[in-house]
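S.K.: Chain by chain, the residues run as shown.
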Amino acid sequence: MNTLHEFALRMGDNVLVLGHRVSEWCGHAPVLEEDIALANSALDLIGQTQLWLGLAADAEGSGKSADDLAFLRDAWDFRNALLCELPNGDFGQTLMRQYLFDAWHLIMLGKLTSSSEERVAEIADKAIKEVSYHVERSRDTVIGLGDGTEESHARVQAALDYLYPYVGEFFVSDKVDEAAARAGIAPRLEDLRGAYDLAVAETMSEATLKLPESEFAHKGGRTGSMHTEHLGHMLTQMQWLQRAYPGATW
Amino acid sequence: MSKEWPLWEVFIRGQHGLSHRHVGSLHAPDAEMAIKNARDVYTRRNEGQSIWVVEARHITASSPSEKGPLYEPSESKVYRHPTFFDIPDDVGAM
Chain A
1 MNTLHEFALR
11 MGDNVLVLGH
21 RVSEWCGHAP
31 VLEEDIALAN
41 SALDLIGQTQ
51 LWLGLAADAE
61 GSGKSADDLA
71 FLRDAWDFRN
81 ALLCELPNGD
91 FGQTLMRQYL
101 FDAWHLIMLG
111 KLTSSSEERV
121 AEIADKAIKE
131 VSYHVERSRD
141 TVIGLGDGTE
151 ESHARVQAAL
161 DYLYPYVGEF
171 FVSDKVDEAA
181 ARAGIAPRLE
191 DLRGAYDLAV
201 AETMSEATLK
211 LPESEFAHKG
221 GRTGSMHTEH
231 LGHMLTQMQW
241 LQRAYPGATW
Chain B
1001 MSKEWPLWEV
1011 FIRGQHGLSH
1021 RHVGSLHAPD
1031 AEMAIKNARD
1041 VYTRRNEGQS
1051 IWVVEARHIT
1061 ASSPSEKGPL
1071 YEPSESKVYR
1081 HPTFFDIPDD
1091 VGAM
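Chains as they are written, first to last, in this note's numbering: chain A, 1 to 250; chain B, 1001 to 1094.
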């Protein structure tokens, strides 16, 4: 098992898949300002993807590039958490998904800045500045919608109920995560849960939203054992050009 | 209640320590979001060091129809312009 490769793949696939999802809003957001803001976030995430998948490719040492990993793997090779691949739904669902991810991402990157692996620390150092802004924005919007009108409240509450069972996956270690933690590459995932729960509880209370009580957690994305049906559909969009015109560049 | 968010005017101070300049406007529900939106809409290409936003309704503007009385009287008073001084090149932009 190549721990660094697997770890970088998981970090990279999270931001690749979520970045693509967010980019699907481009030209469709409810107002111009949000459209541009979402596109900016998507671009930040795709930029981070280049760094993580570049590292994953180098660690694998097979001469592949970040682009090869992004565009020439199929659904079962992806290692993103399931939350990232879930459909956009309405604007509230997109921003709730974004907040639930951003809140984890910020804590994770904070730990990774002191990774024993120099390149990991460097990527985290760069990404954390972008992500600090992402979480500020998604948090404010979730609060605005939750503590907004009757309709916006109902919609983001429904989004929270739907998405929350996908949060647990970020905190469950398997062999790869344990090896990464032992090598000092990454923190123990379970150790991030306390800070995450605290941040999310505070945001939801400000947003007048109720966190689901069930502890049930979907899993299978980070290990690649089982993705949702949505990932394959997304990849047909994301990868069609390289599939139809192999090796095309511009 | 209007469904439209209020309009905000955006002022940005660029890289070079100049004063804030009006760059455009946008809609936002409150001042905090207006700053965030301004960051996303107007500083994507590294244009800014500092952002001001002000709700457009708080700006009092001069009336175009009063152009004559407001501005014309100064046109004929050349002595108000410091055009008779030689300014050394070292001084730079004033």
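For the record, the hints were derived by calculation from the structure and aren't laboratory data. Be a bit skeptical, because a hint or two may be false.
[Claimed, not checked] Chain B is faced by these chain A residues, among others (derived, beta-carbon under 10 angstroms): (1) Glu33; (2) Leu38; (3) Tyr133; (4) Glu178.
Positions of the beta carbon are idealized from the N, C-alpha and C atoms, including for glycine.
S.K.: Run every hint past the structure and note whether it holds.
M.R.: Results for each hint:
1. Glu33: holds (4 angstroms)
2. Leu38: Given a least distance of 9 angstroms, the restraint on Leu38 (chain A) holds.
3. Tyr133: holds (8 angstroms)
4. Glu178: violated (39 angstroms)
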